[in-house]
Amino acid sequence: MGMLDGKVAVVTGGTYGIGRAVSVRAAAEGAKVVIGARGQQAGIDTVKEIEAAGGEATFIATDVAKADDVEALIGGTIAAYGRLDLACNNAGIGGERQLIHEVSEEDFESIMALNLRGCFVCVKLELQQMLKVGGGSIVNMASANGLIGTALFTAYTASKHGMVGLTKAAALEYADKGIRVNAVCPGGVETPLFTETYPVGSESRKAAMDFHPIGRIGTSEEIAAAVVFLWSDKASYITGTCLTLDGGLTAN
Amino acid sequence: MTDGPVSGGQVSSGEFAGKVALVTGASGGIGRAAALRFASGGATVVCSDIAEDGGHETVSLIAAGGGTASLVLADVSSESDVESLIDITMHEYGRLDIAFNNAGIGLFGKTIVEHTEDDYDRIMGVNSTGVFLCLKYEIPAMLESGGGCIVNTASKAGLVGDAGLSVYSASKHAVVGMTKTAALEYARKGIRVNCVAPGVIDTDINTPFWQANPGAYEEFSKKPPMGRMGTAEEVAEAVAWLCTDDAAFVHGHAMSVDAGMLAE
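So the protein sequences, as listed, match chains A and B. Counting from 35, one number per residue, gives the positions in the first sequence under my numbering. Counting from 380, one number per residue, gives the positions in the second sequence under my numbering.
Just so you know, the hints here were simulated from the structure itself, not pulled from any lab data.
Lysine-lysine pairs mimicking DSSO-like chemistry, simulated, CA-CA at most 30 Å apart:
#1 K568(B) to K240(A)
#2 K268(A) to K602(B)
#3 K100(A) to K211(A)
#4 K211(A) to K166(A)
All values reported here derive from a predicted model rather than from experimental measurement.
Next comes chain B alone, as it looks inside the complex:
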């Protein structure tokens, strides 16, 4: 554990009071927004990422808001990292109730012919293998905790194709498939598994693409039927809702948060 636990000591009530929530990819974007949302709902949040500075910042933001969080550095594409992430969580907090498997990388604007084998391995390693490894180690910890709730970050590109995103799309289709299968396997063991399928969300993951393609930011802002990109906070609200008891009958679902893009 790199940081913490750091506690602001103020948030003790809320829909996630008494729960321990793990968020991967918590150093920025959707992961940070979800970590903050879980914390404001009263959860103790284990933030994980490979990016140390951003991770510290998320933990500090949670503490400043009165919540409790810690940072565990982990590369989700490494089995030993994921194993130790879950071990540390269970050792420190004794339970795991919520997991948001969100760590992911993107590679935009290359055709399938232009993708290298290395691109493929890297993207699948984080986005697909990463979710697989997280599920593999989270589920036993949740069974030990008496049940739990898992949300994976898929994508609109996990449900339909998207030109220029071949490998990313494949990796996210895999996330949707694993979500449904894991949901079926643990349906009667008290573990709910769902995923969110965001459309175009304005986060740092896209920055290299905007920088390499002048005008693309404006162009992509117009793509969603609502005429704007989504915010990380809007996705985090959907993730949080899926983890509440209100969503107890939602299971194996890919929840679109995309301003209607999939409906087109």
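Next comes chain A alone, as it looks inside the complex:
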């Protein structure tokens, strides 16, 4: 028996890194998973991986920066499974490392459009469905950068702080309606994006590991486990919180 038996879950950005781990873990815990992401092939691969393990999943090509896409994702979820119980709004991008005075407005807008506006549109449409079934649980993928600043990541940091604020406000609005809204705030996590930025064996990777008090970065599976915990009834009194998984980074 899984922690999410009988539930229907949407995971955006659910084909790579943390999102993929969330999709896989959710299915392993018994949820029917609808994966919304941009890459068609990665979507098909993720569904195959879940089905091979005996789980159930559907892929719907989605760019969360486009509201129409998000509507199609949620609409498709209802069409396929008739309800929505759980959502992990995880789709996001990091952006170039740049000083604020060098960041173009276009770059800023595109990061905010995907990370923050995308999260807003997802939460809005998800809540509409969850209200219909009288409950639900939403987890937004914020970041340790949603709690502290990091030089050279202006837009990303701003977008993640925005997600934390959105999470808290949404939590308060729907607390008495059976819908919980929380954020997960990871530090560095072993993902394809991380390895691209900090290549294996590089000095920068060693420094990034060392930057975390426990001396390593997290795994996608660890973040996925936190999402599943917050989704589950074990977290029935937890809403509006930022569950931080960062190896002590923000305690410092």
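Mind docking chain B on chain A? Use the hints.
Using the frame of chain A, we list chain B on its own:
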């Protein structure tokens, strides 16, 4: 050791199988719920408290559920008590893997002006000094055991102020500070340290306040955004999760279990 070890001899599998877990303030409320939760996950639980009857009852409940537990009476504000609590645990079970430093007292409804010096010393003694002493003696025992996981009971009042709870709030802010610092000091030595920050939880610690203030129970039930108080079991689930391998990257965190109160 007052009781035990008492064993129901049935729980041998689970996420805490083979682990030894210490719970202070285990005679009731959140501590009892956590002790039962650790036991149902397969841990051998050392229950500690100053309240003997409640402590016996927790041990009996664990045994009745098929788990293994013992009771060690200790006042966490006394260094010799804490030292002997850890000594007994190590002597009896040979290891310490999990510690839930939960013993605490509250004093509600007095302004800072009305608090006496004695109130201050008493509350800080149990809530702050108690957690300090537990950390001080648990950490070497955990290092000897090859690592461990510690969760302290802070409070929403450990993260923000709360009118009528000045000294309690100060004592819980201290718990949050010690949690973060201990986490940093032992980050690379295999010991994880976190705390939980509960909101309004319906436990016996509040009973004197409800009795002294008619209508307060109903009033406080409406305060959390969910429109109800939390249960000890809901906090215990968060504590248990923090002690699993799933939470291996969670370190130095104050985990709110408060129905959104801190978010307001």
